[in-house]
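Q: Sequence:
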Amino acid sequence: MHAPASLPIGVVGLNFGRHILDQLLRDTVRPHLRLAAVCDIDAPKAADYAARFGVKSFTSLDDLIADPAIPIIGLFTGPVGRAALVRKIIRAGKHVVTTKPFETDPDAALEVLREARALGRVVHLNSPGPVPPDDIAKILSWISEYKLGAPVGARADVWASYREQADGTWYDDPQKCPVAPVFRLGIYLINDLIRIFGPVRETHVFQSRLLTGRPTADNGQLSLLFENGALGNVFASFCVNDGDHYRNSLVLNFERGTIYRNAGPDRVGNHSELSLVMTRAERREVVAREIVEGTSGAYNWSAFTRAVRGEPLPDETTPEQIVAGLRVIQAMARTANRLD
2 MHAPASLPIG VVGLNFGRHI LDQLLRDTVR PHLRLAAVCD IDAPKAADYA ARFGVKSFTS
62 LDDLIADPAI PIIGLFTGPV GRAALVRKII RAGKHVVTTK PFETDPDAAL EVLREARALG
122 RVVHLNSPGP VPPDDIAKIL SWISEYKLGA PVGARADVWA SYREQADGTW YDDPQKCPVA
182 PVFRLGIYLI NDLIRIFGPV RETHVFQSRL LTGRPTADNG QLSLLFENGA LGNVFASFCV
242 NDGDHYRNSL VLNFERGTIY RNAGPDRVGN HSELSLVMTR AERREVVARE IVEGTSGAYN
302 WSAFTRAVRG EPLPDETTPE QIVAGLRVIQ AMARTANRLD
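According to our numbering, the sequence shown is numbered sequentially starting from 2.
Everything labelled a hint here was simulated from the structure, so no lab data went into it.
It cannot be assumed that every hint is accurate.
[As the list claims (entries may be wrong)] Here are the computed lysine-lysine pairs in the PhoX-like style, where the Cα-Cα straight-line distance is at most 25 Å:
| # | residue 1 | residue 2 |
| --- | --- | --- |
| 1 | Lys57 | Lys46 |
| 2 | Lys177 | Lys89 |
| 3 | Lys89 | Lys46 |
| 4 | Lys57 | Lys89 |
With the sequences and hints as input, model every part of the structure.
A: Structure below.
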């Protein structure tokens, strides 16, 4: 029996989207998706990438979605107003893969995600992914298997080294890009924590500008009070140059143990390193360790194409779970704007 042919995809937005083009050429992705077109309002840019990859070139989303040979749209424009673009695409009969954060308006996001389900269209993004990634799935299984009890607290950290300059894009606008490092990088950690600890009741935020040439912050910290009483902290920064970029560390405290993800100085490739520490016979013990290949925030191209072909996904992420992270971002933005 032959494997199903890869599905054609058109990629819209070639600023961030150019990174997706490289992913689509990987041996692990090519059996699932085949780049068929690129689209950008910058006509020379669209023509350049089309020539490089030997695909069709478009400058209009309307023209792209009118092409009957392209059933899937990769939408990699900015998050502001993305729900309206997704609605246009799904009503044209296409499926959508996009990126985090899905939207800045949680209500608009929820409405279009529910409409997509009603229409039988697939809309996936990388965070939260369509199903729990392997590292989050393992954490959830440990919580149950080892009977860790009530969640107590969490520290979540991500950093990189950026020296960006103002360029007039949405990255420069504190309304569209609030607490920039948390909005752009910390969103992965926010979504992870919501999947593990549940909904958030209250947020508080700090931000600063240390090194950036943009008018938006490059150093941010978000405090979370979960509905179950657990406390969380998300630290995200563009100011740290130590070689440990995008590690997405987690320390998760429960009443009977602590789970670590990518915490500490040791690293094993680009995988997630998980450890569980508990007290046994009145002594500290590392009771479980695992190196997990499937990491949070990665695009799940296999799950996306399976869903497009009509295959049900186990433990599929709901529209409400996607929007829960957006509501945290919205609350953070309101607080940050009051501080400004």
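Q: Give a verdict on every hint.
A: Hint by hint, here is what the structure shows:
1. Lys57 x Lys46: Holds, at about 13 Å.
2. Lys177 x Lys89: holds, 22 Å
3. Lys89 x Lys46: Holds - the C-alpha atoms of Lys46 and Lys89 are around 24 Å apart, at most 25 Å.
4. Lys57 x Lys89: Holds, because 20 Å separates the two Cα atoms, which is no more than 25 Å.
In this structure, every one of the numbered hints holds.
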